[in-house]
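Same order as they appear, the protein sequences are chains A and B.
Residue numbers for the first sequence follow this note's numbering, so the first one is 1 and each next one is one higher.
Residue numbers for the second sequence follow this note's numbering, so the first one is 1 and each next one is one higher.
If you're looking for bench data, these hints aren't it; they were derived computationally from the structure.
Check before you lean on any hint, since a few could be wrong.
Note: identical chains are not told apart, hence a pair may lie in one copy or across any two.
Calculated cross-link-like contacts (lysine to aspartate or glutamate; reagent style EDC-like; alpha-carbon spacing at most 16 Å) [stated by the list, open to error]:
{"hint": "1", "residue 1": "Lys55", "residue 2": "Asp91"}
{"hint": "2", "residue 1": "Lys161", "residue 2": "Asp49"}
{"hint": "3", "residue 1": "Lys26", "residue 2": "Glu83"}
{"hint": "4", "residue 1": "Lys78", "residue 2": "Asp98"}
{"hint": "5", "residue 1": "Lys161", "residue 2": "Asp122"}
{"hint": "6", "residue 1": "Lys55", "residue 2": "Glu80"}
{"hint": "7", "residue 1": "Lys55", "residue 2": "Asp115"}
{"hint": "8", "residue 1": "Lys95", "residue 2": "Glu80"}
{"hint": "9", "residue 1": "Lys78", "residue 2": "Asp122"}
{"hint": "10", "residue 1": "Lys55", "residue 2": "Glu83"}
{"hint": "11", "residue 1": "Lys78", "residue 2": "Asp37"}
{"hint": "12", "residue 1": "Lys26", "residue 2": "Asp158"}
{"hint": "13", "residue 1": "Lys26", "residue 2": "Asp37"}
{"hint": "14", "residue 1": "Lys161", "residue 2": "Glu80"}
Protein chains: 2
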Amino acid sequence: MAISMYSASVPIFLRMLGNMTAWLDKAEAHAVQKKFDPQVYLAARLAPDMLPFTKQVQIACDAAKFCVARLAGTEAPKFEDDETTLAQLRDRIHKTADYVRSVPAARIDGSDDRDITVPRRDGAMTMRGEAYLKHFVLPTFFFHTTTVYALLRHSGVDLGKTDYLGSLVSAPQ
Amino acid sequence: MAISMYSASVPIFLRMLGNMTAWLDKAEAHAVQKKFDPQVYLAARLAPDMLPFTKQVQIACDAAKFCVARLAGTEAPKFEDDETTLAQLRDRIHKTADYVRSVPAARIDGSDDRDITVPRRDGAMTMRGEAYLKHFVLPTFFFHTTTVYALLRHSGVDLGKTDYLGSLVSAPQ
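One chain only, chain A, in its complex shape (with noise of 0.2 Å):
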């Protein structure tokens, strides 16, 4: 099998959607053996200027919605970013995971070429299909990931790179 749009974008999103769901799960069983509110990790910050944890979390799940939608041409499902626990942002993990399992591979493969318009707060811009996954969605995804585990390193949770990274032995395709 050869790569294609499909195949470069939603099985990573997927393997990092479940990873970061785990790291989650560690994030809680860290705030209770060390006995503090799990709410705590919410408004975390890397730097006063950057945004907070929920936010981290809600704008990775939303680059890989957006990609999916946008490169299969279709409206993506509206998630309110209303989260308060970390409860709700799992959920919101799960939904997007859900979100994106659903639309099928031949809606987004072929996409390459087509255009695909972003709206931003600068005004809307238009790449072809494959720039935009490549150099707008996957940065965006992966740095949004990257902050919401270094949020956990940073405040004490035990994780490694194979929780970043996923396992790797059952070579996944």
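The hints should help you fit chain B onto chain A, whose structure is shown.
Frame of chain A; chain B shown alone:
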């Protein structure tokens, strides 16, 4: 043009390596302005048991270098991990980009199904080329580039989303 193993790897590396160079330039200017030694950045860590800034830059570079070499079935050039200044780290990024640029697309395209073996402390791991790129290289590359960025943000360097992603106005391919 359809996405390929070359187009899904090398352009991503070259673009982010270029962005990272620009972050180091801004970091140096910030140190000069605030009158501190730019070498202070090199030991910065997000958590006491995370690798310092210098290592983050080196590993980001190596993720790109080894990916290209392994997919192409060639030997990667050896770079000593002996950088002790920002200028030397910038050189490391340039050397890496030069090498990544030097490998012909035809050597990398078609590596989707090739077996790639990665030496690791806990034993070598073999994956298909596509899985290696998607689930090992890209998460690793973006983990370390994002951590470099986060350490500079944490140190007060004035960086934003446009610095992280690079300009998207002239829609790259």
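Hints, verified against the model:
no. : hint              : result
1   : Lys55 <-> Asp91   : within (14 Å within a copy, 35 Å between copies)
2   : Lys161 <-> Asp49  : between (27 Å within a copy, 12 Å between copies)
3   : Lys26 <-> Glu83   : neither (19 Å within a copy, 35 Å between copies)
4   : Lys78 <-> Asp98   : within (13 Å within a copy, 43 Å between copies)
5   : Lys161 <-> Asp122 : between (37 Å within a copy, 13 Å between copies)
6   : Lys55 <-> Glu80   : within (12 Å within a copy, 39 Å between copies)
7   : Lys55 <-> Asp115  : neither (28 Å within a copy, 38 Å between copies)
8   : Lys95 <-> Glu80   : within (12 Å within a copy, 45 Å between copies)
9   : Lys78 <-> Asp122  : neither (22 Å within a copy, 43 Å between copies)
10  : Lys55 <-> Glu83   : within (9 Å within a copy, 35 Å between copies)
11  : Lys78 <-> Asp37   : neither (29 Å within a copy, 48 Å between copies)
12  : Lys26 <-> Asp158  : within (8 Å within a copy, 33 Å between copies)
13  : Lys26 <-> Asp37   : within (14 Å within a copy, 38 Å between copies)
14  : Lys161 <-> Glu80  : neither (31 Å within a copy, 23 Å between copies)
Hints 3, 7, 9, 11, 14 from the earlier list are contradicted by this structure; the remaining hints agree with it.
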